[in-house]
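Here the sequence shown is numbered in UniProt numbering, starting from 1 and rising by one per residue.
It cannot be assumed that every hint is accurate.
Unchecked claim - Below, in silico cross-link-like pairs of lysine-lysine (DSBU-like), each with a Cα-Cα straight-line distance of 30 angstroms or less:
#	residue 1	residue 2
1	Lys127	Lys141
2	Lys180	Lys201
3	Lys201	Lys114
Claimed, not checked - Cβ pair distances, simulated, as ranges:
#	residue 1	residue 2	range
4	Arg146	Ile103	19 to 25 angstroms
5	Ser100	Leu213	23 to 29 angstroms
6	Gly109	Arg230	32 to 38 angstroms
7	Gly147	Ser186	38 to 44 angstroms
8	Pro144	Gln211	39 to 45 angstroms
Think of the hints as simulated: they come from the structure by calculation, not from any bench.
We put the beta carbon where it would ideally sit given N, CA and C, even for glycine.
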Amino acid sequence: MEPAAPPALPCPVDDDDDFYWDAEAEAELQAIEAAYAAESAKRRRLPDWSKTPAAPAPAPVRPRPNPVPAAASASSPSWVLLPPTCQGSVKARYQQVSFSGKIVYCRTGAEVEKATREIVRKIESMKASGPVSLGFDLEWKPFPRRGEPPCKVALMQLCLDKTHCYLMHIIHSGVPPILKSLLEDSSSVKVGVCIDNDARKMFNDYEVHVQPLMDLSTVANVKLAGPYKRWSLAALTEMITCKEVIPIVLATPSVPKCKIIFYTKI
């Protein structure tokens, strides 16, 4: 008997579209980043209103890091969600951080199988240190054309660490058996924001029962003990690390924008 799909949860709708990342798209991405950097430099340049030297800025006070609770056991993931070490919500004070590892893009079935084997080998080598968390996210066109059925999952994102992020264009490659086995294997905890909805979508579209799951938004609401909030990955990262996540923006002529927020241990 097929396992039942997980229930849907009220999560924000992701408006990112499917895309095809080729050499032309890479050139466009570089041009966008160069234009953004030039515009940012212009905004930072102020006119010389006065010859009076500005008062020196006070030395920043480095917050004391919170210790890892002694109760954290070997059954918990290697990372622990702690209350924020900084106060306030002024983004101008945040250090910007972006993914600096290698993006592995897979479009064909053979490429997806090769990438999945790499992930499986990494998980096997990491299991000795404790439970393994696998960052998991899906992208699809949220609104089909009138009269058409709902769009299937187009892109899958899997991340284990800071060195590699795997983008699998499964709308073209399909889901090979080795990838299905990885997603249904309990040796890694699939981690994400509103991940229950992604798991349900994956089950409905490809009959893959993604498990076990850990929803970072739910964990954050429990650990931070504040009012209930529907967290995004970027907002949660800012709250916990006081760093602003800069997404990778991929663009092609057919699809003007696709943001990718990388699930890595920042």
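Outcome of the hint check:
{"no.": "1", "hint": "Lys127 - Lys141", "in the structure": "violated (35 angstroms)"}
{"no.": "2", "hint": "Lys180 - Lys201", "in the structure": "holds (14 angstroms)"}
{"no.": "3", "hint": "Lys201 - Lys114", "in the structure": "holds (24 angstroms)"}
{"no.": "4", "hint": "Arg146 - Ile103: 19 to 25 angstroms", "in the structure": "violated (34 angstroms)"}
{"no.": "5", "hint": "Ser100 - Leu213: 23 to 29 angstroms", "in the structure": "holds (28 angstroms)"}
{"no.": "6", "hint": "Gly109 - Arg230: 32 to 38 angstroms", "in the structure": "holds (36 angstroms)"}
{"no.": "7", "hint": "Gly147 - Ser186: 38 to 44 angstroms", "in the structure": "holds (41 angstroms)"}
{"no.": "8", "hint": "Pro144 - Gln211: 39 to 45 angstroms", "in the structure": "violated (28 angstroms)"}
Consistency with the previously given hints fails for numbers 1, 4 and 8, ordered from lowest to highest.
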